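Engineer: One-letter residues, chain by chain:
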Amino acid sequence: MTAQLVALLVVPGGAFVLVCGLVYEWLDRKLVARFQNRVGPRWFQPAADVVKLLAKEEIVPSGANALILNALPLVALASVLTAALYVPMAGLSTAWSFNGDLIVVLYLLSLVSVCVGLAGVTTRDRFAIEGAGRVFTQVFAYEAPWLAALLGPAVAASSWNIADVAAHANGQWLVVTQPIGFIVAIVGLIGKLELAPLDAPEAETELVAGSLTEYSGRGLAMFRLAKDATFVVGLALIAAFFLGGAADIVSWLLKTVALLVIIALVQALFARTRIDQTVALWWRIGVWLAVLQLLAIGILHQVGL
Amino acid sequence: MPESALDRAETLLDSSGRDANRPEPNRLDVRVDPKDLLTAVASLMDARWGYLSAITGLDNDSQLEALYHFCSGADIVTLRASTDRADASLPSVCRLIPSAGVFERELSELFGIDIQDAPDTSRLLLPDDWPLDVFPLRKDTDVSNVPSVPVLSQPSEKNRFVVPIGPQHPALKEPGHFEFTADGEVVTAASLRLGYAHRGIEKATESRSWIQDLYLLERVCGICSHVHALAYSLGAERLAGVTAPPRAQAIRELVSEMERIHSHLLWLGVTAHEAGFESLFMYTWRDRETIMQLVEDLTGNRVNYSANVLGGVKIDIDAARAHALLNGVDFLEQRTRHYLEEVGGDETFLRRTRHIGIMSAHDAEVLGVVGPSARASGVLRDIRAEAPYAAYLQFPVEPVLRHTGDLEARVLARVLELFESYRVIRELLDNLPAGPLVARMPRRIRAGETISRVEAPRGELFYFLKSNGSEHPERIKIRTPTLCNMSSALHLTVGRYLADVPMLLAGVDPCFSCNDRSVHLNVAGDTWTWQQLSQHAREFYA
Amino acid sequence: MLNGALDRIRAWAQINSPWVVHFNSGSCNGCDIEILATFTPKYDVERFGVKLQGSPRHADVLICTGPVTRQARDRLKRVYDQMPAPKYVIAVGSCALSGGVFQGCYGVVGHVDAVIPVDIYVPGCPPRPEAIIDGLVKLLGKLEGTAAHA
Chain A
1 MTAQLVALLV
11 VPGGAFVLVC
21 GLVYEWLDRK
31 LVARFQNRVG
41 PRWFQPAADV
51 VKLLAKEEIV
61 PSGANALILN
71 ALPLVALASV
81 LTAALYVPMA
91 GLSTAWSFNG
101 DLIVVLYLLS
111 LVSVCVGLAG
121 VTTRDRFAIE
131 GAGRVFTQVF
141 AYEAPWLAAL
151 LGPAVAASSW
161 NIADVAAHAN
171 GQWLVVTQPI
181 GFIVAIVGLI
191 GKLELAPLDA
201 PEAETELVAG
211 SLTEYSGRGL
221 AMFRLAKDAT
231 FVVGLALIAA
241 FFLGGAADIV
251 SWLLKTVALL
261 VIIALVQALF
271 ARTRIDQTVA
281 LWWRIGVWLA
291 VLQLLAIGIL
301 HQVGL
Chain B
1001 MPESALDRAE
1011 TLLDSSGRDA
1021 NRPEPNRLDV
1031 RVDPKDLLTA
1041 VASLMDARWG
1051 YLSAITGLDN
1061 DSQLEALYHF
1071 CSGADIVTLR
1081 ASTDRADASL
1091 PSVCRLIPSA
1101 GVFERELSEL
1111 FGIDIQDAPD
1121 TSRLLLPDDW
1131 PLDVFPLRKD
1141 TDVSNVPSVP
1151 VLSQPSEKNR
1161 FVVPIGPQHP
1171 ALKEPGHFEF
1181 TADGEVVTAA
1191 SLRLGYAHRG
1201 IEKATESRSW
1211 IQDLYLLERV
1221 CGICSHVHAL
1231 AYSLGAERLA
1241 GVTAPPRAQA
1251 IRELVSEMER
1261 IHSHLLWLGV
1271 TAHEAGFESL
1281 FMYTWRDRET
1291 IMQLVEDLTG
1301 NRVNYSANVL
1311 GGVKIDIDAA
1321 RAHALLNGVD
1331 FLEQRTRHYL
1341 EEVGGDETFL
1351 RRTRHIGIMS
1361 AHDAEVLGVV
1371 GPSARASGVL
1381 RDIRAEAPYA
1391 AYLQFPVEPV
1401 LRHTGDLEAR
1411 VLARVLELFE
1421 SYRVIRELLD
1431 NLPAGPLVAR
1441 MPRRIRAGET
1451 ISRVEAPRGE
1461 LFYFLKSNGS
1471 EHPERIKIRT
1481 PTLCNMSSAL
1491 HLTVGRYLAD
1501 VPMLLAGVDP
1511 CFSCNDRSVH
1521 LNVAGDTWTW
1531 QQLSQHAREF
1541 YA
Chain C
2001 MLNGALDRIR
2011 AWAQINSPWV
2021 VHFNSGSCNG
2031 CDIEILATFT
2041 PKYDVERFGV
2051 KLQGSPRHAD
2061 VLICTGPVTR
2071 QARDRLKRVY
2081 DQMPAPKYVI
2091 AVGSCALSGG
2101 VFQGCYGVVG
2111 HVDAVIPVDI
2121 YVPGCPPRPE
2131 AIIDGLVKLL
2141 GKLEGTAAHA
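Residue numbers (my numbering), protein chains in the order written: chain A, 1 to 305; chain B, 1001 to 1542; chain C, 2001 to 2150.
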């Protein structure tokens, strides 16, 4: 019982995921800053940001439903933290596991984006509603390819259970046999997190803050934490599935950080694509590639390879 | 002897105008009765004589006078129409020159001249809470304590969307308003509402001395401060019959080109940011620091250089500074080559710029578009070449022309222009004339009128100066390039799709302080924000 | 005891994460471009935890330029009101302090603190990016001082 509580709240659950999220946010911002020839933030910056937000006055805009407004960030954070429990973290095996948990985890991860979108819809702010529309459009664009990409290793392992897939992938670097899936998964994660160049929902960030325009204190803090946690869980999933699993903490750290570096590079290198272009691109190309790959894997699997 | 352009104009205006005279070698003034105004304008436009560059208002005691300035190369034809103060009224020329609307609105609200048949009579510059019957630029108006009147909510307020359209970056955000009425996807009317940066500068110049005004006018715009001061100084000098010495003129040109470099790099970074190319924004602004440093070493300030004095300049260049400047220019040229590759070759950037927001040469010409925006459509408008000032005769620049007229062309026009600036800076430094820096200027400037035009980074900057023999100017009228370009860009949106609007507006490199704008969007009773408009544009072109 | 510790943590976070919203109340843009420059590589205020926000609701510090034109006055007030507490204001440039060279012009109110309370005044026409950062750091120092004495 105690062991379970520790797993739930500390490691590899709750606290670990949140702390890791903050560290990875820092790493990402620092790398992007260095690529842009700047110094960048100090190591404790993300933590300071969150604490500051928690201490800010929360203004509920008129016309908005306070209950929903306060609940959505909590739901988002809770979803991703729950999802984290089923994904191998820190070189440990998953805290919990059941058959089909891959689907549940992917669902929970998309729930975060949905909450962000709903947040925009709930407030009456024009900018927020506009941002919400784009969030949903982006979700629509990325869920299918992201799903298809992660299903590849699942098919190879003949299982819907993340722990099994991770175990099967252990030692096998599926990035080699499923390169398209790997790329699609990375891009999918970038889209999910609305990082550049796929940050169209936040595109006019300076002019408006997209869906979360009307949030001020705690709500904003929790959404940020949820995003950071999604980052960690996403990296962990991709590392476990494509980069040969992560049996110990060192290799887990190395692999997730390597992925982070790639993502930071992508952020710095490209101009923002228009949202319509990304949707078009991924529905026309990404999904088909991912599906083709899936079929290929499926066939090979049946044939016994 | 071939007929000069001014001669031709004089002939064209023979029947509708009177009292033609040449106050300066390049200027023709013709008096026109209000009832003949449209005929006069039509004769010029039909013969394609120039473009309407500005409309100046004057208060001549019993009468109010409107001056319509048409420019063709270095020549300027001014139609002067007077109307009684008590019942001031003039016909609108918008039927012939659609982009004249903003000029007329300005004239109307600042002088109280009723413009008949004007398509748009709403407020342009004065604040919403300004009383309707107070006309600041009339000589008898006391502007020291103008009361605030309650702001009437406009009847169609609920059908309008006030969308703060920021410029491309929040730090440069300046509120201003564009007003669009759309029927479905098609824009049916477009209008401009400025006013957030309206400080009342023109009026203030009348109560300050010629010297004090130099420092005031430098601050019309922080991005193109030097050219404002330059246009003003050149005009004041011409009125006083003073010519600044050659070394001063050369240094003026040098600083102008350095300003152009900083301004174009600024715009490039901001445009990159708009396209989501954050890294390019960071790099261009990092490199821009080079020119900022050089400017500071030379003039003492990074912005608002104050290099000009009436009669010349107050800064000098020694060998060490010249050397540093040459090194800096070399570095910047190398970086600019890199940027050229980026903007010309990067797929994602091109998708935001190629074939977007096309403006034809004909439209650019007729609507009076100026600067790189015009040159990007193949229209050769560059005061440095057409009407050389400062030292541009001895150290000319070759205007850069592009012909596709899309946003990509506008980007390229500015980037390529940078190379010309680098080249001419080197030439200036190699051949800087020796001599004094200042010519003596009288404190009182004898009565007269003059027009001073210079090429700001954004295009033709137009100054009309009138002196009355005293220590204070009688009137200074400023027409900034952005006003022309915004007005034209807006006009072009009519009949086009809403989705075209963002790019059309972004491409003219709006100088926010010279003008300010915001967006009202009335789309079938629905309110739209700028973001929605942008989004709409993207979806439309998906 | 616990309260004191929480207060100190809160103060530490506020000092180290000053998110900024920028407002131009009618300036010539000189100050604004120098403010923007502070986000670029040579000056990089992200080092201090500063992030430029689009919505006043996400900001702790309002950086205001310009002599406050009559037209901009209400909007300035509105932006300030929308910011959640605790909030601070930095007025940048001579115009924001006193109207600068536009004193007496009919379109201007004259100075930012006629409309909203100002915590830090950064003089200059325009102030250099270093001076703007100095103003920001002084604000953070002021906050630190207040927290220490709390």
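I should point out that these hints are in silico values taken from the structure, not numbers from a laboratory. Each hint should be verified, as a subset may be incorrect.
[Said to hold, decoys possible] Only pairs whose alpha carbons sit at most 35 Å apart, straight line, appear in this in silico DSBU-like list of lysine-lysine:
{"#": "1", "chain 1": "C", "residue 1": "K2042", "chain 2": "C", "residue 2": "K2142"}
{"#": "2", "chain 1": "C", "residue 1": "K2051", "chain 2": "C", "residue 2": "K2142"}
{"#": "3", "chain 1": "A", "residue 1": "K30", "chain 2": "C", "residue 2": "K2138"}
{"#": "4", "chain 1": "C", "residue 1": "K2142", "chain 2": "A", "residue 2": "K30"}
{"#": "5", "chain 1": "A", "residue 1": "K30", "chain 2": "C", "residue 2": "K2051"}
{"#": "6", "chain 1": "C", "residue 1": "K2042", "chain 2": "A", "residue 2": "K30"}
{"#": "7", "chain 1": "B", "residue 1": "K1139", "chain 2": "B", "residue 2": "K1466"}
{"#": "8", "chain 1": "B", "residue 1": "K1314", "chain 2": "C", "residue 2": "K2042"}
{"#": "9", "chain 1": "A", "residue 1": "K30", "chain 2": "C", "residue 2": "K2087"}
{"#": "10", "chain 1": "C", "residue 1": "K2077", "chain 2": "B", "residue 2": "K1139"}
{"#": "11", "chain 1": "B", "residue 1": "K1035", "chain 2": "B", "residue 2": "K1139"}
{"#": "12", "chain 1": "C", "residue 1": "K2042", "chain 2": "C", "residue 2": "K2077"}
{"#": "13", "chain 1": "B", "residue 1": "K1466", "chain 2": "B", "residue 2": "K1035"}
{"#": "14", "chain 1": "C", "residue 1": "K2087", "chain 2": "C", "residue 2": "K2051"}
[Claimed, not checked] One side only, chain B facing chain C, incomplete, derived with CB under 7 Å:
{"#": "15", "residue": "D1140"}
{"#": "16", "residue": "Y1196"}
{"#": "17", "residue": "I1223"}
{"#": "18", "residue": "M1282"}
{"#": "19", "residue": "A1324"}
[What the hints assert, rightly or not] Simulated DEER-style distance windows between Cβ atoms:
{"#": "20", "chain 1": "C", "residue 1": "E2130", "chain 2": "B", "residue 2": "T1039", "range": "54 to 64 Å"}
{"#": "21", "chain 1": "A", "residue 1": "N65", "chain 2": "C", "residue 2": "E2130", "range": "40 to 50 Å"}
{"#": "22", "chain 1": "C", "residue 1": "R2078", "chain 2": "B", "residue 2": "P1025", "range": "31 to 41 Å"}
{"#": "23", "chain 1": "A", "residue 1": "L269", "chain 2": "B", "residue 2": "H1472", "range": "55 to 65 Å"}
{"#": "24", "chain 1": "B", "residue 1": "Q1116", "chain 2": "C", "residue 2": "D2134", "range": "25 to 35 Å"}
{"#": "25", "chain 1": "A", "residue 1": "A66", "chain 2": "C", "residue 2": "L2006", "range": "20 to 30 Å"}
{"#": "26", "chain 1": "A", "residue 1": "N70", "chain 2": "C", "residue 2": "E2130", "range": "41 to 51 Å"}
{"#": "27", "chain 1": "B", "residue 1": "H1355", "chain 2": "A", "residue 2": "L265", "range": "24 to 34 Å"}
{"#": "28", "chain 1": "B", "residue 1": "N1021", "chain 2": "C", "residue 2": "D2134", "range": "49 to 59 Å"}
Keep in mind it's a predicted model, so treat the numbers as computed, not measured. No residue lacks a Cβ here, since even glycine has one placed at the ideal position from N, Cα and C.
Engineer: All hints are to be evaluated individually against the structure, with a verdict given for each.
Structural biologist: Quick rundown of the hints versus the structure:
no.	hint	in the structure
1	C/K2042 with C/K2142	holds, 25 Å
2	C/K2051 with C/K2142	holds, 20 Å
3	A/K30 with C/K2138	holds, 25 Å
4	C/K2142 with A/K30	holds, 27 Å
5	A/K30 with C/K2051	holds, 13 Å
6	C/K2042 with A/K30	holds, 16 Å
7	B/K1139 with B/K1466	holds, 14 Å
8	B/K1314 with C/K2042	holds, 29 Å
9	A/K30 with C/K2087	holds, 27 Å
10	C/K2077 with B/K1139	holds, 33 Å
11	B/K1035 with B/K1139	holds, 25 Å
12	C/K2042 with C/K2077	holds, 32 Å
13	B/K1466 with B/K1035	holds, 26 Å
14	C/K2087 with C/K2051	holds, 15 Å
15	D1140	violated, 14 Å
16	Y1196	holds, 5 Å
17	I1223	holds, 6 Å
18	M1282	holds, 6 Å
19	A1324	violated, 17 Å
20	C/E2130 with B/T1039: 54 to 64 Å	holds, 60 Å
21	A/N65 with C/E2130: 40 to 50 Å	holds, 46 Å
22	C/R2078 with B/P1025: 31 to 41 Å	violated, 53 Å
23	A/L269 with B/H1472: 55 to 65 Å	holds, 57 Å
24	B/Q1116 with C/D2134: 25 to 35 Å	violated, 56 Å
25	A/A66 with C/L2006: 20 to 30 Å	holds, 25 Å
26	A/N70 with C/E2130: 41 to 51 Å	holds, 42 Å
27	B/H1355 with A/L265: 24 to 34 Å	holds, 30 Å
28	B/N1021 with C/D2134: 49 to 59 Å	holds, 58 Å
In this structure, the hints that do not hold are numbers 15, 19, 22 and 24, in rising order.
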